Amino acid sequence: MSDQYTNEPLLDMFLFETEQLLEQLEQSVISSEKESNFSEEAINEIFRIMHTIKGSAAMMLFDNIAKLAHSIEDVFFYLRKERPSDVDCTVLSDLVLEGIDFIKTEVDKIKNKLPADGTADALVETMKGYLSQLKQETKPETMEAAPAEPEKQQYYISQVKTDTAECNKIYKAVIHYEDGCEMENIRAYTIIHNLKDIASEITYVPSDIIDSDESIHVIRRDGFQIFLKTNLDYRRMFEFFNQTIFLKDLELIQLEHDYEFKKIELDHNKIPALNDMVKELKEKPMHTERTDKDTVSTNTAQSIISVSVSKLDKLMDLVGEMVIAEAMVIQNPDLRGLNLANFVKASRQLSKITSDIQDMVMSIRMVPLSATFNKMHRIVRDMCKKLDKDVDLDIIGEETEVDKNIIEHISDPLMHLVRNSIDHGIEIPEERIALGKARNGTITLEAKNAGSDVLIIIRDDGRGLNKDKILKKAKENNLLFKNEEDMTDKEIFNLILLPGFSTKDNVTEFSGRGVGMDVVRKNIEAVGGTLSVDSAAGKGTVITLKIPLTLAIIDGMNIKVGKSRYTIPTIAIKESFRPKEGDIITDPDGNEMIMVRGQCYLIRRLHELYKVKTDITKFTDGIIIMIEQDEKTVCVFADELLGQQQVVVKALPQYIQNFNKVRGLAGCTLLGDGSISLILDVARMFH
Amino acid sequence: MSDLFDNVADMEEDTQKDRYLTFVIASECYGIEIKYVTEIIGIQAITEIPELPEYVRGIINLRGKIIPVIDVRIRFRKEKKEYNDRTCVVVVDIKDISIGLIVDSVAEVLTIPEQDIVDPPQVNKASNNKYINKIGKVGNEVKLLLDCEKLLTDNELESLSEVQ
Amino acid sequence: MKKVMIVDDAAFMRMAIKNILVKYDFEIVDEAENGQVAVNKYKEKKPDIVTMDITMPEMTGIDALKAIMAYDPNAKVVMVSAMGQEQMIMEAIMSGARSFVVKPFKEDYVIQTLTKI
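Protein chains in written order, with the numbering used here: chain A, 3 to 689; chain B, 97 to 260; chain C, 440 to 556.
If you're looking for bench data, these hints aren't it; they were derived computationally from the structure.
No false leads were mixed into what you were given.
No farther apart than 20 angstroms at their CA atoms in a straight line, the calculated lysine to aspartate or glutamate pairs in the EDC-like style are these: (1) B/113 x B/245; (2) B/161 x A/323; (3) A/316 x B/192; (4) A/377 x A/35; (5) A/83 x C/502; (6) A/562 x B/144; (7) A/565 x B/144; (8) C/545 x A/180; (9) A/316 x B/189.
Beyond 12 angstroms from chain B on every Cβ pair, some chain A residues (computed): (10) 171; (11) 451; (12) 586.
No experiment lies behind these values; they were computed from the predicted model shown.
The beta carbon of each residue, even a glycine, is placed where N, CA and C say it ideally should be.
All chains, please: the whole structure from these sequences, using the hints.
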């Protein structure tokens with residue numbers, strides 16, 4: 003999720019919270035569907051989430067979302083109350099998931115500053131229909147609130163110590179509320195409730211304010227009339243009524259006699275006093291919302307706060323600048339040659355603390371993969387339904403953490419890979435049984451740490467990749483760069499990652515457009531990762547993503563080529579040395595190579611590669627750096643090594659990146675003297 | 097030249113309307129809407145990036161932020177010129193993309209009311225015409241007002257044709 | 440300056456109310472995500488006014504209201520509810536809530552309610 007979508011914090015909060023709730027909701031629905039049962043806990047959770055989304059959406063004037071959420075809320079309100087036993091979980095899940103999808107789409111529109119103009123009217127109607135159906139099917143229990151008894155006399159007998167003999171003042175009050183204050187009947191009730199303490203007899207019109215919504219209209223039209231007996235003087239009573247919230251108009255008359263009072267009493271049926279009715283209501287707690295423990299409890303949320311990612315980014319930048327500033331202090335030319343034991347000790351301490359802060363800030367940006375992995379459940383469910391296949395999704399190592407920036411780029415590729423597995427890999431149940439496999443296919447999503455990388459492995463037990471088909475397609479599209487016979491199995495499988503490739507004869511709705519795997523690879527490479535494919539015919543396919551833990555700070559070796567500065571990730575450097583004339587070989591094509599301990603390596607002259615002017619063109623004047631990536635090694639030639647340091651990686655400006663020509667640069671960094679060093683993208687050195 | 101800008105930077109949004117920053121390239125005077133300009137700095141060390149169109153000179157470090165710089169002279173197909181102490185970098189910001197425009201020198205901030213702005217003549221001359229979307233009349237001088245968005249975003253086709 | 444505590448399980452709602460109140464003579468002394476926390480914080484911070492959402496997990500707004508009223512009979516609690524929760528509002532009024540606002544609410548309604556209680 004990106005940090006700030008809009009300039010309005012309230013809208014941001016709405017989008018953030020709604021997305022979170024929708025994710026929670028989706029998980030809840032899917033697991034309930036799997037168990038074929040909506041537990042009380044789940045129903046409560048779903049009810050509450052829909053209620054919250056309804057409220058927030060209404061506040062932000064997204065009425066289409068609010069309306070839909072309301073209709074789903076109504077369904078779950080009913081389910082909560084009645085707990086019917088024979089609910090069709092699949093039907094219900096489908097409906098709710100459809101609702102979730104609609105809201106997700108609208109939220110996406112809002113995030114992209116597009117109008118949220120979708121209508122879910124059809125779905126709302128379906129929900130209402132579903133609810134009526136439910137109501138007909140279940141036996142109506144008399145848990146209905148508010149006694150169905152008609153007109154009651156609202157005749158209150160005081161419980162107050164006020165001596166009734168002294169309550170000789172009679173008042174008539176007519177109250178008009180401001181338009182739009184809503185629930186005038188309840189507001190009216192509030193007045194009556196508050197009058198309890200100061201009046202001995204009260205009667206009012208309309209009388210059915212508690213159980214009838216009709217009374218709202220009467221109050222709006224005619225005002226709320228109250229007759230009461232009290233011992234308080236006019237001024238006090240006026241003050242009392244004047245405090246009514248949303249009071250538009252107050253008419254207060256002190257009456258000489260209680261004829262009118264009595265007349266109204268007689269008009270009403272004599273039924274239990276308000277007092278008793280109040281007692282009754284209190285005894286029927288049908289709306290207690292005692293919920294059980296939450297699944298994703300808001301309790302633990304207390305120990306977590308949400309921080310805007312832009313703040314984190316700024317913090318990272320500052321930490322980066324601190325690292326540079328620290329270097330400028332400690333490596334300051336002014337200090338050269340001085341013997342400063344205490345200074346050295348203190349600076350060591352400073353370095354340690356800076357390093358700790360750096361580690362801490364980076365760990366803050368680390369986010370577990372669980373959210374991303376859990377999204378796959380929905381994908382699996384939908385795919386299985388559409389294709390009539392049965393697939394179980396196993397998730398291992400979801401607590402593995404990855405930099406926040408990277409997570410965003412993994413989601414789509416993962417989705418595509420999972421879809422691919424189910425679409426092309428996993429066979430239909432009948433076929434699997436015929437092959438002696440388990441009826442349900444299994445897809446395993448595994449994440450684990452491997453040094454400074456995270457490995458994400460997507461494994462399925464489907465039919466595997468077909469080498470021959472792949473080779474054939476590659477030939478058709480002119481993608482073969484080697485002789486068929488010379489290719490290893492792995493190389494053949496990895497052909498599918500090349501652009502313009504697809505073995506699926508028909509483009510299905512989900513995959514096989516020939517842009518799929520290539521796009522996946524690009525996305526992974528965009529975050530500095532790699533992708534590899536392996537397979538065994540009939541057994542299944544394994545796709546391995548290797549992703550750096552963080553892009554933000556790397557250990558780099560700064561080098562000089564002419565006036566330019568470059569940085570090579572230390573992890574890629576095997577060794578560096580000044581070559582001897584005799585070690586250099588030039589082949590007939592003009593390629594320069596070097597012999598190191600019996601092995602021959604290609605040399606790339608950086609000044610030629612990056613067209614930099616430098617005086618150092620003789621190998622023996624400069625330095626050779628051997629770099630390695632993915633079992634491939636190459637030697638680069640530069641002027642000299644400047645030193646190793648931790649560098650904060652900054653992305654090249656988007657404007658520059660838009661020129662696709664910029665290959666071989668993974669970003670840039672600021673050196674201690676303020677100059678910019680370009681970070682080499684080692685993987686690209688091999689083309 | 098930066099104090100020229102200090103006042104502008106303090107201005108409220110609405111007082112930036114109709115105001116243009118004018119600068120000179122090869123004796124022609126251009127203007128861009130002040131609302132796009134974030135600051136003006138003197139020319140400083142540029143880190144070159146290989147294999148980019150000639151007018152994209154590279155990137156600079158602006159107080160920790162990495163900003164690409166383009167040489168407007170080269171962009172407008174004028175002869176390349178050595179940078180001197182009058183050369184400025186006008187930093188503009190559009191849709192969160194920041195770019196530095198290298199210009200010969202910066203002139204002033206002018207107010208050019210709408211009625212003094214006309215459409216450019218429809219001549220299919222040098223390509224730099226397409227970046228000029230309006231002409232502003234100031235006294236008896238003419239300022240060529242640039243379409244900032246086009247200048248910044250219209251690079252795909254350019255880069256392809258140049259490299260070919 | 441009246442001290443207010445905002446109780447609602449939705450961060451969005453809390454922010455929405457806060458945004459309104461800070462424009463007027465109200466000081467937000469704390470926020471709570473569920474009833475139980477609200478009760479504890481009430482005892483700690485002793486705000487002048489509490490805005491209380493009705494629908495919350497762990498402990499509902501009504502129960503939290505009752506607990507607060509039991510602790511401090513003079514507490515001023517305003518319920519925040521949605522349309523259709525009339526019964527619950529009434530129960531709240533009967534249990535001592537001073538008034539209520541209905542979602543989606545308008546700024547002046549919230550302010551009027553909180554000023555007049």
